[in-house]
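Student: So the chains spell out like this:
Number of protein chains: 2
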Amino acid sequence: MTEKDAGAPGLARLAGLIADETRAACLLALLDGRAWTAGELARHAGVAASTLSEHLGKLVAGGLLAEERQGRHRYVRLADDRVAQLVEDLAAQVAPDAAARRPRTLRASSAGSAMARGRTCYDHLAGRLGIAVTDALTGRGLLRQDTGFALTDAGLGWFDAAGIPLRPTGRRPLARACLDWTERRPHLAGVAGAALCRHALDAGWCVRIGSERAVKVTSAGERALSRLLDIGAAALR
Amino acid sequence: MTEKDAGAPGLARLAGLIADETRAACLLALLDGRAWTAGELARHAGVAASTLSEHLGKLVAGGLLAEERQGRHRYVRLADDRVAQLVEDLAAQVAPDAAARRPRTLRASSAGSAMARGRTCYDHLAGRLGIAVTDALTGRGLLRQDTGFALTDAGLGWFDAAGIPLRPTGRRPLARACLDWTERRPHLAGVAGAALCRHALDAGWCVRIGSERAVKVTSAGERALSRLLDIGAAALR
DNA sequence: CGCACGGTTCGGCGGGCACCGAAGTGTGGC
DNA sequence: GCCACACTTCGGTGCCCGCCGAACCGTGCG
Numbered sequence: 069m070t071e072k073d074a075g076a077p078g079l080a081r082l083a084g085l086i087a088d089e090t091r092a093a094c095l096l097a098l099l100d101g102r103a104w105t106a107g108e109l110a111r112h113a114g115v116a117a118s119t120l121s122e123h124l125g126k127l128v129a130g131g132l133l134a135e136e137r138q139g140r141h142r143y144v145r146l147a148d149d150r151v152a153q154l155v156e157d158l159a160a161q162v163a164p165d166a167a168a169r170r171p172r173t174l175r176a177s178s179a180g181s182a183m184a185r186g187r188t189c190y191d192h193l194a195g196r197l198g199i200a201v202t203d204a205l206t207g208r209g210l211l212r213q214d215t216g217f218a219l220t221d222a223g224l225g226w227f228d229a230a231g232i233p234l235r236p237t238g239r240r241p242l243a244r245a246c247l248d249w250t251e252r253r254p255h256l257a258g259v260a261g262a263a264l265c266r267h268a269l270d271a272g273w274c275v276r277i278g279s280e281r282a283v284k285v286t287s288a289g290e291r292a293l294s295r296l297l298d299i300g301a302a303a304l305r
Numbered sequence: 069m070t071e072k073d074a075g076a077p078g079l080a081r082l083a084g085l086i087a088d089e090t091r092a093a094c095l096l097a098l099l100d101g102r103a104w105t106a107g108e109l110a111r112h113a114g115v116a117a118s119t120l121s122e123h124l125g126k127l128v129a130g131g132l133l134a135e136e137r138q139g140r141h142r143y144v145r146l147a148d149d150r151v152a153q154l155v156e157d158l159a160a161q162v163a164p165d166a167a168a169r170r171p172r173t174l175r176a177s178s179a180g181s182a183m184a185r186g187r188t189c190y191d192h193l194a195g196r197l198g199i200a201v202t203d204a205l206t207g208r209g210l211l212r213q214d215t216g217f218a219l220t221d222a223g224l225g226w227f228d229a230a231g232i233p234l235r236p237t238g239r240r241p242l243a244r245a246c247l248d249w250t251e252r253r254p255h256l257a258g259v260a261g262a263a264l265c266r267h268a269l270d271a272g273w274c275v276r277i278g279s280e281r282a283v284k285v286t287s288a289g290e291r292a293l294s295r296l297l298d299i300g301a302a303a304l305r
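Here the protein sequences line up with chains A and B, keeping their order. Residue numbering for the first sequence follows our numbering, beginning at 69 and increasing consecutively. Residue numbering for the second sequence follows our numbering, beginning at 69 and increasing consecutively.
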């Protein structure tokens, strides 16, 4: 047995955690970056609370989820951005199938279109909103996508000028491409993507719709995006 | 049910393909970027040929492997670089466990150390060799890692001057970070990483050791790396 | 204090799937 | 044409695991 074989059991175990439909539904739901209670997830996934409790135990033990107990509630969220990226990458790999299918009901279609317009993807912006921002940054020479994916010096200046501080943390990259699964194109993730999303929500550029991942750009947000990045309102609809 | 639920079955199915230890061993073996026969994989994984045949059927049907039939042989390889990246990412997530464990036998230790010195990771260089090249590129301002991961204009010029053409293909990024699972640091992947690895093998900078993924830097390779990137021999040992 | 409620534990059930060996199919060599 | 060989197909077996309901535990509210 060569050395790499040692990785096979671990790889299979990790994949096995995601390989269950109920657990997969939980992970996708948690991609909104927030903490859910066990009960919410059970209802969301359509299984008994007892069943979901066992699933959460496995996901936490496997290091995919972090838990936080408050009173009689058990809150769980994705352990870190690495896990979020992993789930996102796996989902993107599947997306070609999903894109072929069209939503059936009007309600699902409407919810889907709101999600397609703009949403959060763990801690950064995605959907057409995320793409529009990423494209605008690229078009103005602030983000370089032709030889990889990195902010330029001008890009660092733009964040500074916009009053969005970029604090480098540990080993998380400042900028990273995240493949959007509705638009099928890369958008800005990493520290810069998270900071931008945070700022957009804090400054009221956009607001969450209900309790979903979908977000809506406000009129103040439209003005700010137009002023700072010359993004037209048409690109956001 | 919201629109994102549609992704859960697909996600679970994809993960399920990797969630079996035998299939995981196949995928890891195929990370060397070459095509293996069904028999080789069966022996490698330690299962009956019939068992492995079924596994290959699933992996091919799931789009993870591409097959090529030649006479009475069935060759399979990873379907594309996206799949390779996915497996690599999953393996990297598991690596913290593997790093804690030390190889037991001397033979495994020796094989492991050759792998750690230098190896191919799908179609680019990894191990200390890959890290040394990536660090050298970064140190000379040819590759930018501080604000993401992208070649600089000077970097494009270096590839051109070195006689390594970079043909942009479809949507595959020119430069991408791949997390090394022995060194725990990012190294150059993507079109540029593949071209560099290809050139290194073609120009005799390094040669494969036996039929393994491990590669050894030749004396001609040491001279070339020293001349082009000022990499000292010490960094390769 | 007692009830309601969120979460967990346990036993039991059922389905799915990885495995093997044996028989079958097709290719290539002698 | 025959045999060797690589791979595949087919039954059969056994294990693993996801599911539920029921009983249990702790928190918080009235």
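It should be emphasised that the hints constitute simulated quantities derived from the structure, not laboratory data. What you are looking at is a predicted structure, and each value in this text was computed from that prediction instead of being measured. By construction, the Cβ of each residue, glycine as well, lies at the ideal position given by its N, Cα and C atoms. Be a bit skeptical, because a hint or two may be false.
Unchecked claim - Now the in silico label distances, taken between C-beta atoms and shown as ranges:
id	chain 1	residue 1	chain 2	residue 2	range
1	B	238	A	237	31 to 37 Å
2	B	238	A	134	35 to 41 Å
3	A	105	B	125	40 to 46 Å
4	A	240	B	301	29 to 35 Å
5	B	270	A	214	23 to 29 Å
6	A	143	B	148	34 to 40 Å
7	A	300	B	305	52 to 58 Å
8	B	135	A	239	33 to 39 Å
9	A	114	B	116	35 to 41 Å
10	A	228	B	137	38 to 44 Å
Claimed, not checked - A short list of chain B residues far from chain A (calculated; beta carbon distances all over 12 Å):
id	residue
11	128
12	143
13	161
14	271
What the hints assert, rightly or not - Lysine to any residue pairs mimicking SDA-like chemistry, simulated, CA-CA at most 20 Å apart:
id	chain 1	residue 1	chain 2	residue 2
15	B	126	A	77
16	B	126	A	126
17	B	126	A	163
18	B	126	A	88
19	B	126	A	81
20	A	126	B	233
21	A	126	B	87
22	A	126	B	161
23	B	284	A	81
24	A	126	B	81
25	B	284	B	102
26	B	284	A	84
27	A	126	B	84
28	A	126	B	284
29	A	126	B	163
30	A	126	B	77
Student: Now look at each hint and say whether the structure bears it out.
Tutor: Right, here's what the structure says about each hint:
| no. | hint | result |
| --- | --- | --- |
| 1 | B:238 / A:237: 31 to 37 Å | holds (33 Å) |
| 2 | B:238 / A:134: 35 to 41 Å | holds (37 Å) |
| 3 | A:105 / B:125: 40 to 46 Å | holds (41 Å) |
| 4 | A:240 / B:301: 29 to 35 Å | holds (33 Å) |
| 5 | B:270 / A:214: 23 to 29 Å | holds (26 Å) |
| 6 | A:143 / B:148: 34 to 40 Å | holds (39 Å) |
| 7 | A:300 / B:305: 52 to 58 Å | holds (56 Å) |
| 8 | B:135 / A:239: 33 to 39 Å | holds (37 Å) |
| 9 | A:114 / B:116: 35 to 41 Å | holds (39 Å) |
| 10 | A:228 / B:137: 38 to 44 Å | violated (58 Å) |
| 11 | 128 | holds (15 Å) |
| 12 | 143 | holds (20 Å) |
| 13 | 161 | violated (6 Å) |
| 14 | 271 | holds (23 Å) |
| 15 | B:126 / A:77 | holds (19 Å) |
| 16 | B:126 / A:126 | violated (26 Å) |
| 17 | B:126 / A:163 | holds (19 Å) |
| 18 | B:126 / A:88 | holds (17 Å) |
| 19 | B:126 / A:81 | holds (18 Å) |
| 20 | A:126 / B:233 | violated (48 Å) |
| 21 | A:126 / B:87 | holds (15 Å) |
| 22 | A:126 / B:161 | holds (16 Å) |
| 23 | B:284 / A:81 | violated (32 Å) |
| 24 | A:126 / B:81 | holds (18 Å) |
| 25 | B:284 / B:102 | holds (18 Å) |
| 26 | B:284 / A:84 | violated (35 Å) |
| 27 | A:126 / B:84 | holds (16 Å) |
| 28 | A:126 / B:284 | violated (41 Å) |
| 29 | A:126 / B:163 | holds (19 Å) |
| 30 | A:126 / B:77 | holds (19 Å) |
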